[in-house]
Amino acid sequence: MARSVTTRGKAINTAIAWAVGLLIFFPILWTILTSFKTEGQAIAAPPVFLFFDWTLENYAIVQERSDYLRYLTNSIIIACGSTVLGIIVAIPAAWSMAFVPGRRTKDILMWMLSTKMLPAVGVLYPIYLLFIKLGLLDSRAGLVIVLMLINLPIIVWMLYTYFREIPGEILEAARMDGASLKNEIIYVLTPMAVPGIASTILLNIILAWNEAFWTLNLTAAKAAPLTAFIASYSSPEGLFYAKLSAASTMAIAPILIMGWFSQKQLVRGLTFGAVK
Amino acid sequence: MSSERPNGLFRNIPAKVAAIPMIITALVVFMGGSLWTMAYSLTKSKLLPKWKFVGLDQYERLWSTKRWVVSIENLFIYGVCMLIASFVIGFILAALMDQKIRFENTFRTIILYPFALSFIVTGLVWQWILNPEFGIQSIIRGLGFTSFEFDPLYNADIAIYGILIAGLWQGTGLIMVLMLAGLRGIDQEIWKAAKVDGIPTWKTYLFIVIPMMRPVFITTLVLVAASIVKVYDLIVAQTGGGPGISTEMPAKYVYDYMFGGQNLGQGFAASTMMLLAVLVVVIPWAYLEFGGKKRG
Numbered sequence: 001m002a003r004s005v006t007t008r009g010k011a012i013n014t015a016i017a018w019a020v021g022l023l024i025f026f027p028i029l030w031t032i033l034t035s036f037k038t039e040g041q042a043i044a045a046p047p048v049f050l051f052f053d054w055t056l057e058n059y060a061i062v063q064e065r066s067d068y069l070r071y072l073t074n075s076i077i078i079a080c081g082s083t084v085l086g087i088i089v090a091i092p093a094a095w096s097m098a099f100v101p102g103r104r105t106k107d108i109l110m111w112m113l114s115t116k117m118l119p120a121v122g123v124l125y126p127i128y129l130l131f132i133k134l135g136l137l138d139s140r141a142g143l144v145i146v147l148m149l150i151n152l153p154i155i156v157w158m159l160y161t162y163f164r165e166i167p168g169e170i171l172e173a174a175r176m177d178g179a180s181l182k183n184e185i186i187y188v189l190t191p192m193a194v195p196g197i198a199s200t201i202l203l204n205i206i207l208a209w210n211e212a213f214w215t216l217n218l219t220a221a222k223a224a225p226l227t228a229f230i231a232s233y234s235s236p237e238g239l240f241y242a243k244l245s246a247a248s249t250m251a252i253a254p255i256l257i258m259g260w261f262s263q264k265q266l267v268r269g270l271t272f273g274a275v276k
Numbered sequence: 001m002s003s004e005r006p007n008g009l010f011r012n013i014p015a016k017v018a019a020i021p022m023i024i025t026a027l028v029v030f031m032g033g034s035l036w037t038m039a040y041s042l043t044k045s046k047l048l049p050k051w052k053f054v055g056l057d058q059y060e061r062l063w064s065t066k067r068w069v070v071s072i073e074n075l076f077i078y079g080v081c082m083l084i085a086s087f088v089i090g091f092i093l094a095a096l097m098d099q100k101i102r103f104e105n106t107f108r109t110i111i112l113y114p115f116a117l118s119f120i121v122t123g124l125v126w127q128w129i130l131n132p133e134f135g136i137q138s139i140i141r142g143l144g145f146t147s148f149e150f151d152p153l154y155n156a157d158i159a160i161y162g163i164l165i166a167g168l169w170q171g172t173g174l175i176m177v178l179m180l181a182g183l184r185g186i187d188q189e190i191w192k193a194a195k196v197d198g199i200p201t202w203k204t205y206l207f208i209v210i211p212m213m214r215p216v217f218i219t220t221l222v223l224v225a226a227s228i229v230k231v232y233d234l235i236v237a238q239t240g241g242g243p244g245i246s247t248e249m250p251a252k253y254v255y256d257y258m259f260g261g262q263n264l265g266q267g268f269a270a271s272t273m274m275l276l277a278v279l280v281v282v283i284p285w286a287y288l289e290f291g292g293k294k295r296g
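In order, the protein sequences belong to chains R and Z. Quick note: the first sequence uses full-length UniProt numbering, first residue 1, plus one each step. Quick note: the second sequence uses full-length UniProt numbering, first residue 1, plus one each step.
A portion of the hints provided could be inaccurate.
As the list claims (entries may be wrong) - Here are the computed lysine-lysine pairs in the DSSO-like style, where the Cα-Cα straight-line distance is at most 30 angstroms:
1. Lys10(R) - Lys203(Z)
2. Lys44(Z) - Lys133(R)
3. Lys116(R) - Lys10(R)
4. Lys100(Z) - Lys10(R)
5. Lys10(R) - Lys195(Z)
Stated by the list, open to error - Covered stretches of chain R (chain Z as the covering partner; in silico rule of three or more C-beta atoms under 8 angstroms from a C-beta of chain Z):
6. 69–81
7. 91–98
8. 119–133
9. 250–260
Treat the hints as calculated values from the structure; they're not laboratory data. Just so you know, these numbers come straight off a predicted model, no measurement behind them. All C-beta atoms, glycine included, are put in the ideal place defined by N, C-alpha and C.
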């Protein structure tokens, strides 16, 4: 806000902001640092911060005990697959709600969004039974479908808010020129909404990447993604903090790196489109 | 737009067709699944769902189970504290940041990082930070305050607040960024006018700016509320419901009875209760937001 902020005031604000930022980032930093310690150093009291013997052995042990790449592949396939599928289903729906609104559009949108708030446990068992019947239990295809369904309301809602900002006249002009509906959506609407679609995709990948409730309950060994990988290293006694930290670091690194290089989309996506 | 003509149903066919996959999804999966669960909550299902009607027996048993009552209490404590604390902290931080700060984009990214992590990671990290032997307590004791005590996860009376800290860490950044966006949307003239009239800054925030930010508050409220009801993975990763049953949550109760306790009917009844609780909150909100205005 342009309320005459002095240079000194600006410096103080920046300092406070970064102190808060550091405080918030500290647990993540700590986890990353711990992953390079030995188990002994990890639980040393008082804790050692930077001056310890850096080691990579935790990573080696974790990789040996459980095949990181397999979990990573599962995570990537599940997160990307459910996102692509979701976008394909959501774009026509968002298009129709944004440009051809009917009397019921608002109701449908509200209804869609409220399903996102229903407790997932309520539909867990029916879906579980369905998965057994269809042979989808512990399969990547099954998880792709479930996560697509779970996140669809959010995708539709976000795309709808982006599409609404695009003037309908442009689409009408395309139609006048004889573009078919399919071409109108693929060649006119989608390119104009690329920033919004990118944020939506990023948000959805993160949501799917972190989804633990469904992935833990519907997978066993074959299709288990990284959330299951970390969970398998947790023990209530906390005997393996260094290894647990290594596993956690390996699981969160892709998101942290991807987020760093797409900061604008990340902020826009994670705030569900509220921050432009 | 809305048409009163009798052929209204057949207008804009492509638009309706385009929305069908989405509507079917919502209808079949969410409504169908929830109704199925509701129906079977009235049965005596044990290991497998069986249609043996017993009326409201499962609900009677549910409410006389201590673990369920504790779960509901915990959800209530966690929910109320989470809402109040995250809104207050988020707003104060946003107001602080609402001046020009350097590297703002990077700052926002870092603030949002916890929100981009899985609850599983959050739970594990905080399980450790709050561990008295090598977490905060040991650091502060190491500084010389040897009688300092901070072990929320090992004290059944306050364990739920240990969960709350982790939840706040994960969620407050999101709220701050949303509120910051809301503050930025406020017209500059308002600040000038308030200044000319000699209104103190805190009064300007409280009586002018905050009421103007209503839409932002509602979006935030919906997002936070939805995440509160679902809280499951955080508990599983951080405390596993312990010590004892002191950090149990409804979602975990449902899950444990359905898959661990082999008592499906009980799990169905509990999840139906959760569903009803959500509806009690969602329906009034939906009417406020979508019902009254802009209709017709």
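Results of checking the hints against the structure:
no.: 1; hint: Lys10(R) - Lys203(Z); verdict: holds (23 angstroms)
no.: 2; hint: Lys44(Z) - Lys133(R); verdict: holds (22 angstroms)
no.: 3; hint: Lys116(R) - Lys10(R); verdict: violated (41 angstroms)
no.: 4; hint: Lys100(Z) - Lys10(R); verdict: holds (6 angstroms)
no.: 5; hint: Lys10(R) - Lys195(Z); verdict: holds (20 angstroms)
no.: 6; hint: 69–81; verdict: violated (count 0)
no.: 7; hint: 91–98; verdict: holds (count 5)
no.: 8; hint: 119–133; verdict: holds (count 10)
no.: 9; hint: 250–260; verdict: holds (count 6)
Consistency note: the structure conflicts with the earlier hints numbered 3 and 6.
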